[in-house]
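A.B. asks: Okay, here's what each chain looks like letter by letter:
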Amino acid sequence: MTTEPTVHDAIEMELVQKHASRPEVPETPTPVIQVEDVSVFYDDYQAVRDVTLDIGHNEITALIGPSGCGKSTILRSLNRMNDLIRGARVTGAIRYWGQDMYEPGVDPIEVRRRIGMVFQKPNPFPKSIYDNIAYGPRVTGMKVDDMDAHVERALTRAALWDEVKDKLKQSAYGLSGGQQQRLCIARTIAVEPDVILMDEPCASLDPIATLRIEELMAELRDLYTIVIVTHNMQQAARVADRTAFFTAAIDPQTGERHGELVEFDKTTTIFERPADPRTEGYISGRFG
Amino acid sequence: MALYTPQAAAADARRTVLTTSGRSRERTPRSLVFVVLLWFSLLVAFATLVALLVHTLVDGLPRLDGRLFSEYPSSRPEEAGARPAVLGSLWVIGTTAVLAVPLGVAAAVHLEEFADRDKWWNRLIEVNISNLSAVPAIIYGMLALGSLALLGVTQKNIVVGGAVALGMLILPVIIISTREALRAVPRELRDGSLAVGASDLQTTWRITLPAALPGIATGTILALSRALGEAAPLLLLGGLVFLSFDPNGLLSQFTTMPIQIFSWTSQPQAEFHTLAAAASILLMGILLLMNGTAIYIRNRSQKRW
Chain B
1 MTTEPTVHDA
11 IEMELVQKHA
21 SRPEVPETPT
31 PVIQVEDVSV
41 FYDDYQAVRD
51 VTLDIGHNEI
61 TALIGPSGCG
71 KSTILRSLNR
81 MNDLIRGARV
91 TGAIRYWGQD
101 MYEPGVDPIE
111 VRRRIGMVFQ
121 KPNPFPKSIY
131 DNIAYGPRVT
141 GMKVDDMDAH
151 VERALTRAAL
161 WDEVKDKLKQ
171 SAYGLSGGQQ
181 QRLCIARTIA
191 VEPDVILMDE
201 PCASLDPIAT
211 LRIEELMAEL
221 RDLYTIVIVT
231 HNMQQAARVA
241 DRTAFFTAAI
251 DPQTGERHGE
261 LVEFDKTTTI
271 FERPADPRTE
281 GYISGRFG
Chain P
1001 MALYTPQAAA
1011 ADARRTVLTT
1021 SGRSRERTPR
1031 SLVFVVLLWF
1041 SLLVAFATLV
1051 ALLVHTLVDG
1061 LPRLDGRLFS
1071 EYPSSRPEEA
1081 GARPAVLGSL
1091 WVIGTTAVLA
1101 VPLGVAAAVH
1111 LEEFADRDKW
1121 WNRLIEVNIS
1131 NLSAVPAIIY
1141 GMLALGSLAL
1151 LGVTQKNIVV
1161 GGAVALGMLI
1171 LPVIIISTRE
1181 ALRAVPRELR
1191 DGSLAVGASD
1201 LQTTWRITLP
1211 AALPGIATGT
1221 ILALSRALGE
1231 AAPLLLLGGL
1241 VFLSFDPNGL
1251 LSQFTTMPIQ
1261 IFSWTSQPQA
1271 EFHTLAAAAS
1281 ILLMGILLLM
1291 NGTAIYIRNR
1301 SQKRW
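As you go down the protein sequences, you meet chains B and P in turn.
So in the working numbering, the last spot in the first sequence is 288, and the numbers never skip.
So in the working numbering, the last spot in the second sequence is 1305, and the numbers never skip.
Treat the hints with caution; some may be incorrect.
Some chain P residues near chain B, calculated using beta-carbon distances under 7 Å [to be verified]:
(1) 1013
(2) 1016
(3) 1195
(4) 1197
(5) 1202
(6) 1207
Derived from the structure by calculation, the hints contain no laboratory data.
All values derive from a computational prediction rather than experimental measurement.
Using N, Cα and C, we set each Cβ at its ideal position, and we do this for glycine too.
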């Protein structure tokens, strides 16, 4: 970090201070989403098995672990994006405020409107910045009195307004990668979701853009419940209140790899006093 | 002092001075023969094309004037023109586009975005569409002829009949090119739309189709330009007629430019052959313009994501 010390350091410093000043994380989360004994299958292959964890209200929950451990699979089942993959099947129960979201009769479109998602690669629509934000409210039939004000509010919350306010009618493809990702967060915010899922949102961004997103997440925590999948352990340590560590284990009978949840606790516990030796091995860089 | 180890000797042996003689292993006699053959094939193809174009241009240019557009066919070559054929082509291609484009795009959207690919009937339809694009054009003429006869239509050389034949001819081409355009739209865009709570139908209408539009337009223009140059199915419908009026509706009789060219070339007088060449230049010009537009659209819309 010798090339651009000032900006990066300033953001990181601010983030560390913010992190230090946040209130103590409660011992047990107030669950928004309860994952109970969930396994996800792709046809006959069991990708993840028997995951149980609670996503706490207005908390940031990080899912970490090596590649192929099923953390993205679990994330995508939290708003039924897995429904779009042919052959994908979820067993067990995922409750959203106590209600099973896989119950027959539940509309997956309604689930996704409440539980939004930000993807690994920024995926703005080939439309103007304004239309990218207005898209969600328009298609979901949200009652919006003043769309201009609504767009401004979403962009402001995503810390992007000042950078784009003079070019709202220009294509979203003119933005940098980090700006595009914040646009995608603003697009998700615009439908006023309850929960925001983020699937490695910084994987394709440079360190400064990454810190910007992390800073944004820390700000959004007071308004939304956030679940983030990340490969970056420092990121989990910096932003998450609670961390779930997944790993892939080979079934001795079948020889197949399955993802499983090893440990789920407060981030400080996971990083300072992990209960499972596999967690300790991973966070200290011994494998994965 | 360091010993000269076997490893160091092996490393020294790998050191090479790059040759600077300019000779390459690409230039062996065998590869030269191959390159010459490739050039020769290209030359034959290119020379044939140039000869054809030059011959047509030399023949036709004297009669490529206003009369070609303003006059009706006549038994006196100096008074004859292709006005009904030009207008007929416009009518038939316009009607073909109206019939085939919405149908083809809708079929492609269904197959690509909604149909369950695991079902055998969808796979059967897919295979058949690919096969249909290889069916000779005249078969579609026979199909249109038969359909019109079944409907009890006696006058078969009508604009809508021709459009049905050409529409069926290009439908598979439109479906295949539209599917390819839809497939080129990244999965991430659809996911982004669904993740904010849009339905599949909204995602298709507002995200996928607009993103695929340049590709769809390119494929459609190329398909229509193929239909424009087609004569066989229309000949079967009785398109080889001597018209002295402008086509003025869907049920109007018509002739088209390829048929007019065919008709003039079968006349004994040399002046008619000049007229045929002039009409050919016009037809080629229109086709070139259409294909150029398609290429322009394609290039302009490249690497958007």
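A.B. asks: Hints first: check each against the structure and report whether it holds.
C.D. replies: The hints, checked one at a time:
no.	hint	in the structure
1	1013	violated, 40 Å
2	1016	violated, 38 Å
3	1195	holds, 4 Å
4	1197	holds, 3 Å
5	1202	holds, 5 Å
6	1207	holds, 6 Å
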